[in-house]
Amino acid sequence: MNTTILLFLLQDGITNGAIYALLGLALVLVFAVTRIILIPQGEFITFGALTYASLSAGQMPGTIKLAVAMGVVAFAFDLFTFRKALHARRVLRSIAVNIVFPLAIWGVMWALGGRPGNIALNIALSLLIVAAIGLYLYRIAFQPIAHTSVLVLLIASVGCHLALQGFGLVFFGAEGQRGPAISSDAITIGALRFTGQSIAVYGITIALIVGLWLFFGYTLYGKALRATAVNRLGARLAGIRTSLSGQIAFLLASVIGAISGILIVPITTLYYDTGFLIGLKGFVAAIIGGLVSYPLTAAAAILVGCVEAFSSFYASNYKEVIVFTLILPVLVLRSLAAPEVEEEKD
Amino acid sequence: MSALLQVSDAHVAYGKVEAVRAVNLEVRTDEIVTIIGANGAGKTTLLNAVMGILPLKGSVAFAGHDVSKIDIEDRVAAGLSLVPEHRELFATMNVEDNLLLGAFRIDKATAARSFEHVYTLFPRLKERRKQLAGTLSGGEQQMLAMGRALMGAPKLLMLDEPSLGLAPIIVADIFRIVSELKAAGVSVLLVEQNAQAALKIADRAYVMELGEFILDGAASDIASNQRVVASYLGFQHEGASAI
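As they're listed, the protein sequences go chains B and S.
What the first sequence shows, in the working numbering, is residues 71 to 416, in sequence order.
What the second sequence shows, in the working numbering, is residues 14 to 256, in sequence order.
In isolation and in its complexed conformation, chain B is listed as follows (with noise of 0.2 Å):
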């Protein structure tokens, strides 16, 4: 292997690996504050990039009527829990979240007309769609089992996951798609080319990061989110929901995710069920960080990028083999590095 190959195979694990690290921290976030092993991330990337990418080829992707009947749903469980107390305030916020938030979306794609819009407005109206689904995913399958098991979350969390990878293959097909990059321009710096999209990828990886740092660092409700994450008990008794750090938590992750999405499907074809395999990713990186560290899994997902492109090089076989193979490891140690735990109940 010569140097060339070398920065060339680099440049590409850094770029997937700051893909895997959005992911991942989206993973640890909702971890954090809710207990859930969000599987479901990936569906969000998928959604997020064949949205997007049916927006630009002018069609109706099928994630806005997902949206909408989520939507519903929500409102109904909503009403059934304020059954014994029916403030209308809270049931117009319902049906302001609920109802007008997707349809108002759906209204705005329908005025285009099946015409492809900019680039900017496919990608704030698919932001939008996997927002609205991610929220409505908390509200219908997690917030009534909130207070369960970690062992229960998990199971509804695989569930979601098969059901919302069904709906991506109704919605989009077995066919795989790929989307307009966000910028055709390229620089290229001694050997090294860098696209128009790795560079959006690096800067926009960054510009989350920090935002994601200032939120949580310097605004009541991103403080509010860690308390819950801290101690769920204390953040009640401080008047913080649960369910209110839980939607929050959800529409980061599902936000992160559908960025992550965007920003792939011009470099890759995606397909219904590619988004699971790049969640996965993210999942091994956030293992890394042990479900608890934000920079480890940032830098873990550097170093999961990193090895996937050298195994591509070398063994492309055996290349998610290799990836996954690197969580053993980091578990072993750490289930010997660790005192055993009861699960925590609350």
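If you're looking for bench data, these hints aren't it; they were derived computationally from the structure.
The structure displayed is predicted, hence computed values, not measured ones.
Note that CB positions come from ideal geometry on N, CA and C, so glycine has one too.
Don't take every hint at face value.
[Said to hold, decoys possible] Covered by chain S, per the in silico footprint, the following chain B stretches (three or more residues, Cβ under 8 Å):
| no. | segment |
| --- | --- |
| 1 | 288-296 |
| 2 | 301-314 |
[Stated by the list, open to error] Using 27 Å as the maximum straight-line C-alpha spacing, the simulated BS3-like pairs for lysine-lysine come out as follows:
| no. | chain 1 | residue 1 | chain 2 | residue 2 |
| --- | --- | --- | --- | --- |
| 3 | B | Lys-154 | S | Lys-139 |
| 4 | S | Lys-82 | B | Lys-154 |
| 5 | S | Lys-29 | S | Lys-70 |
| 6 | S | Lys-139 | S | Lys-195 |
| 7 | S | Lys-168 | B | Lys-154 |
| 8 | S | Lys-168 | S | Lys-139 |
| 9 | S | Lys-121 | S | Lys-168 |
With chain B's structure known, arrange chain S on it following the hints.
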């Protein structure tokens, strides 16, 4: 004085075991009420159930409204606040953020006044406002837990064993502050094993044994009751000082 908290015929069970039986409890506005009793009498269980952490059979009315069906968070917003036995602080966050989150449900102007009030009551917290809650001493953590609860400007503060595991000088400090709260318009429901200290600052008292209230009345009457003296205060209640 009207009833601020009215608990009627309360039962709390862990599975088949009833930890609290047929309890009637009342806390009026501007009053310090204490529940004394031995370890395992059901005091903490009762407080947790009133707060909504444990399911309670019976009725809980607060400030004239039935709160027995609403969530913990809504009880907090209604002005009911609990400082739990284990304090439940946000250990990896600093003192100021812990306090700030205590005011999560109230407007910014009230929160600013709450900050001032809490820092006046606990000057130590102001000195340590950038320190992580988990690194504070036991006494400081208790002050922070009380401070966080007070940030939400509660009408009734429920304290669960505030003196547990603390040095006598700090216990004295905390009890002094509890009696100051009454002057500031906050009613207090105090659960305490240190019966002597609790009865000194309380207006009224309940005595709990094996999940039931066996006595109630003015704190001074309870303090001179023969049975209470024998069981909880030892034989030297007159002039003795535990704090």
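For this session: Check each numbered hint against the structure and report the violated ones by number, ascending.
Result: Number 3 only.
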